[in-house]
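Produce the complete structure using the sequences and hints provided.
Going line by line, the protein sequences match chains A and B.
Terminal number for the first sequence in this note's numbering: 350, no gaps in between.
Terminal number for the second sequence in this note's numbering: 316, no gaps in between.
Derived from the structure by calculation, the hints contain no laboratory data.
Possibly wrong hints are sitting among the right ones.
[To be verified] Within a straight-line C-alpha distance of at most 30 Å, the following computed DSSO-like cross-link-like pairs (lysine-lysine) qualify:
hint : chain 1 : residue 1 : chain 2 : residue 2
1    : B       : K232      : B       : K56
2    : B       : K57       : B       : K271
3    : A       : K78       : A       : K32
4    : A       : K32       : B       : K127
5    : B       : K57       : A       : K78
6    : B       : K232      : A       : K173
7    : A       : K173      : B       : K10
8    : B       : K232      : A       : K78
9    : B       : K232      : B       : K127
10   : B       : K232      : A       : K32
[Stated by the list, open to error] Quick look at which bits of chain B chain A covers, simulated, 3 or more residues with Cβ under 8 Å:
hint : stretch
11   : 217 to 226
12   : 229 to 240
13   : 302 to 312
Every residue, glycine too, gets a C-beta built ideally from N, C-alpha and C.
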Amino acid sequence: MTALLEVSGLRTSFKLESGGEFAAVDGISFSVEAGRTLGIVGESGCGKSVTSLSIMGLLPKGQGRIAAGSIRFEGRDLATLTPAEMRALRGNRMAMIFQEPMTSLNPAFTIGDQLIEGIRCHRDLSHADARAHAIEMLRRVRIPSPERRIDEYPHKLSGGMRQRVMIAMALSCEPRLLIADEPTTALDVTIQAQVLDLMRTLREETGTAIILITHDLGVIAELADEVVVMYSGLIVERANVERLFALPQHPYTIGLLGSIPQLHLVQDRLNAIEGQVPTPMTEIQGCRFAPRCPFAADRCLQAAPPLVDLGDGHSAACWRAPLEADAEIELVA
Amino acid sequence: MLHYLLKRLAAIVPTIFFVTIIIFGLQQLLPGDPAVILAGEDQDPNVIAYLQKKMHLDEPLPVRYGYWIAGVVHGDLGESLRIQQPVLGLIEEKLPVTLELAVIAMLIALVIGIPAGIVSAVGKDTVWDYAANVIALWGLSTPNFWLGILMILLFSVSLGWLPASGYVSPFEDLQANLAAMIMPAFVLGNAIAAVLMRHTRSAMLQVLNADYVRTARAKGLDERSVVLKHALRNALTPIITLGALEFGTLLSGAVLTEQVFSIPGFGKLIVDAVFNRDYAVVQGVVLFTSSVYIVLNLLADLAYFLVNPRLRG
Numbered sequence: 018m019t020a021l022l023e024v025s026g027l028r029t030s031f032k033l034e035s036g037g038e039f040a041a042v043d044g045i046s047f048s049v050e051a052g053r054t055l056g057i058v059g060e061s062g063c064g065k066s067v068t069s070l071s072i073m074g075l076l077p078k079g080q081g082r083i084a085a086g087s088i089r090f091e092g093r094d095l096a097t098l099t100p101a102e103m104r105a106l107r108g109n110r111m112a113m114i115f116q117e118p119m120t121s122l123n124p125a126f127t128i129g130d131q132l133i134e135g136i137r138c139h140r141d142l143s144h145a146d147a148r149a150h151a152i153e154m155l156r157r158v159r160i161p162s163p164e165r166r167i168d169e170y171p172h173k174l175s176g177g178m179r180q181r182v183m184i185a186m187a188l189s190c191e192p193r194l195l196i197a198d199e200p201t202t203a204l205d206v207t208i209q210a211q212v213l214d215l216m217r218t219l220r221e222e223t224g225t226a227i228i229l230i231t232h233d234l235g236v237i238a239e240l241a242d243e244v245v246v247m248y249s250g251l252i253v254e255r256a257n258v259e260r261l262f263a264l265p266q267h268p269y270t271i272g273l274l275g276s277i278p279q280l281h282l283v284q285d286r287l288n289a290i291e292g293q294v295p296t297p298m299t300e301i302q303g304c305r306f307a308p309r310c311p312f313a314a315d316r317c318l319q320a321a322p323p324l325v326d327l328g329d330g331h332s333a334a335c336w337r338a339p340l341e342a343d344a345e346i347e348l349v350a
Numbered sequence: 004m005l006h007y008l009l010k011r012l013a014a015i016v017p018t019i020f021f022v023t024i025i026i027f028g029l030q031q032l033l034p035g036d037p038a039v040i041l042a043g044e045d046q047d048p049n050v051i052a053y054l055q056k057k058m059h060l061d062e063p064l065p066v067r068y069g070y071w072i073a074g075v076v077h078g079d080l081g082e083s084l085r086i087q088q089p090v091l092g093l094i095e096e097k098l099p100v101t102l103e104l105a106v107i108a109m110l111i112a113l114v115i116g117i118p119a120g121i122v123s124a125v126g127k128d129t130v131w132d133y134a135a136n137v138i139a140l141w142g143l144s145t146p147n148f149w150l151g152i153l154m155i156l157l158f159s160v161s162l163g164w165l166p167a168s169g170y171v172s173p174f175e176d177l178q179a180n181l182a183a184m185i186m187p188a189f190v191l192g193n194a195i196a197a198v199l200m201r202h203t204r205s206a207m208l209q210v211l212n213a214d215y216v217r218t219a220r221a222k223g224l225d226e227r228s229v230v231l232k233h234a235l236r237n238a239l240t241p242i243i244t245l246g247a248l249e250f251g252t253l254l255s256g257a258v259l260t261e262q263v264f265s266i267p268g269f270g271k272l273i274v275d276a277v278f279n280r281d282y283a284v285v286q287g288v289v290l291f292t293s294s295v296y297i298v299l300n301l302l303a304d305l306a307y308f309l310v311n312p313r314l315r316g
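This is how it looks when you write it as structure tokens:
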């Protein structure tokens with residue numbers, strides 16, 4: 018069976034003010050099977066969002082471009098599609114929800130207008146039928162009294178409600194792939210849990226594959242089947258979710274796991290990974306994580322480690338992988 | 004909404020009251036005595052004294068203001084000293100001319116300015132953007148009277164397509180009226196189009212980067228609906244304000260342009276009145292145009308409700 022989405026060797030470059038280009042995403046490969054959920058995790062600036070915009074064909078025009086690699090969706094290479102063919106996919110076969118529910122809906126139109134517009138863009142429905150479908154979608158995302166809510170403007174809804182509207186909009190044409198870019202980051206913790214719960218239920222109802230982009234490993238643990246860890250435009254580790262949490266191999270992943278607050282431990286401070294993500298513009302010879310890595314050796318500074326298969330679908334880009342158990346304990350403690 | 008409307012309407016009264024004080028006060032700063040000007044070359048002291056008494060010029064300032072404002076409240080703006088006609092009649096006579104000129108000029112400005120702004124924002128840093136900016140710069144920096152004279156030279160003198168000057172009532176001969184109006188209207192509209200284009204461009208650039216525009220693209224909408232529906236609707240607010248203010252300026256008369264094309268509108272009326280110290284006319288016309296300005300501002304605010312549902316509460 019071929020994957021629903023296959024990204025291979027994707028390299029997305031952005032123009033610099035000074036003239037040159039830098040790669041925000043520098044040669045990454047992954048795939049998503051139908052109905053599965055892939056989590057992409059990493060700090061701000063690691064290239065998560067750029068990856069999703071590359072897939073959707075929504076890179077800012079004139080600034081970002083796919084410089085190398087390919088994205089195959091339902092067997093078709095997206096690079097070969099015309100803009101009109103790409104539009105026919107967007108919002109239809111693949112849809113996206115964004116981080117900021119407060120600003121992602123157009124303040125000048127009712128949520129009904131915005132839902133119906135998307136539905137009629139891809140389905141040959143009358144306005145009345147599209148409206149009925151929009152109300153049904155609002156009901157499915159658990160918006161109370163959708164018949165009334167549909168005629169309201171976004172500013173009347175709370176952030177959580179707006180994110181539900183965004184989800185309804187994204188799912189209204191039954192996409193095969195939903196890309197959720199930090200869908201809960203801007204929401205209160207209780208609302209976060211509700212939205213995650215909703216996404217889980219909808220995934221079971223619709224069988225939509227999800228790419229879940231987040232910096233929050235808690236969200237990953239809730240929803241993802243497989244996880245890709247990104248650092249500075251590269252994939253540093255890939256595994257299924259249980260394995261990643263149980264046996265992380267890359268020091269960066271271990272650091273991320275170590276920075277989750279733990280209720281059973283008394284901690285004065287949370288563990289943080291020292292230093293900052295290097296911008297993709299910085300020229301680093303060797304491993305990009307080496308300047309922040311507690312295990313960095315001479316070899317790490319000289320050559321970048323490849324992503325190597327460690328078996329069981331687990332791979333990591335570290336010279337030291339597979340890590341010895343004691344080293345792991347040393348860092349987490 | 005109703006509450007807001009009432010509040011705005013109530014605010015008009017004190018605003019206009021202040022305007023009358025300013026108009027009246029500034030007028031007193033003009034050097035020269037209207038009685039002396041009216042008395043002609045002989046400067047007979049008896050005549051001057053008589054005229055001063057007739058026009059209440061011998062009374063203190065607040066009393067004179069009182070006379071004027073009492074008339075204004077009763078719909079009497081006074082009488083022109085020079086041509087012995089009621090000011091209201093003069094306004095009624097010139098208003099249609101200025102109004103027609105302003106409407107045509109504004110239409111030209113909107114039709115050129117807004118699309119040019121959209122094109123240059125959408126095609127930022129392309130040839131279209133540079134072209135629109137160069138043309139806007141030209142529009143902003145070209146003096147109206149100079150452009151007017153050049154157009155007369157080209158279209159009237161060289162090509163003979165349009166009349167160089169003069170005004171024909173549209174009720175007499177619509178075609179001749181439009182032929183006489185098109186050049187002055189273009190001259191006025193051209194400058195406003197440049198301002199509108201600059202503002203449309205910057206407002207559009209701002210909203211084109213908005214998250215909801217990305218959402219619209221993510222829905223699979225074509226660029227046309229993304230730009231003209233989702234972006235433009237949100238970019239309109241500053242453009243409406245600007246358009247209303249520019250229209251108000253047009254209605255207060257275009258002095259130089261009316262002069263170049265010999266159009267008998269407000270601009271010419273005010274200039275003549277100022278030179279002749281025709282107090283009643285200056286006061287009346289300025290009060291009228293200020294009121295128009297205030298009303299246009301109110302209309303612009305009401306238009307916000309149409310484009311911005313958040314204000315409807």
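Evaluated hints:
1. This hinted pair does not check out: K232 (chain B) and K56 (chain B) have alpha carbons roughly 64 Å apart, beyond 30 Å.
2. The suggested pairing of K57 (chain B) with K271 (chain B) holds, with an alpha-carbon distance near 27 Å, which does not exceed 30 Å.
3. Of the pairs offered as hints, the one joining K78 (chain A) and K32 (chain A) holds, with about 11 Å between alpha carbons and a cut-off of 30 Å not exceeded.
4. Distance restraint check for K32 (chain A) and K127 (chain B): the Cα-Cα separation of roughly 15 Å lies within the 30 Å cut-off, and the hinted pair is therefore satisfied.
5. Between the alpha carbons of K57 (chain B) and K78 (chain A) the distance comes to roughly 73 Å, so the proposed pair goes past 30 Å and is violated.
6. Under the criterion of a C-alpha separation no larger than 30 Å, the hint pairing K232 (chain B) with K173 (chain A) is consistent with the structure, at around 21 Å.
7. Distance check on the hinted pair: K173 (chain A) and K10 (chain B) sit about 24 Å apart at the alpha-carbon level, within 30 Å; holds.
8. The straight-line distance between the Cα atoms of K232 (chain B) and K78 (chain A) is roughly 19 Å, inside the 30 Å bound, and the hint therefore holds.
9. With a C-alpha separation of about 19 Å, the suggested pair K232 (chain B) and K127 (chain B) falls inside the 30 Å cut-off, and the hint holds.
10. For the given pair, K232 (chain B) sits about 29 Å from K32 (chain A) by alpha-carbon distance, which is consistent with the 30 Å threshold.
11. With 9 residues having a beta carbon nearer than 8 Å to a beta carbon of chain A, the stretch 217 to 226 of chain B meets the requirement of three or more and the stated coverage holds.
12. With a cut-off of 8 Å between beta carbons, the stretch 229 to 240 of chain B has 3 residues touching chain A; three or more are needed, and the interface restraint holds.
13. A stretch counts as covered by a chain when three or more of its residues have a beta carbon under 8 Å from one of that chain; for the stretch 302 to 312 of chain B and chain A the count is 3, and the coverage holds.
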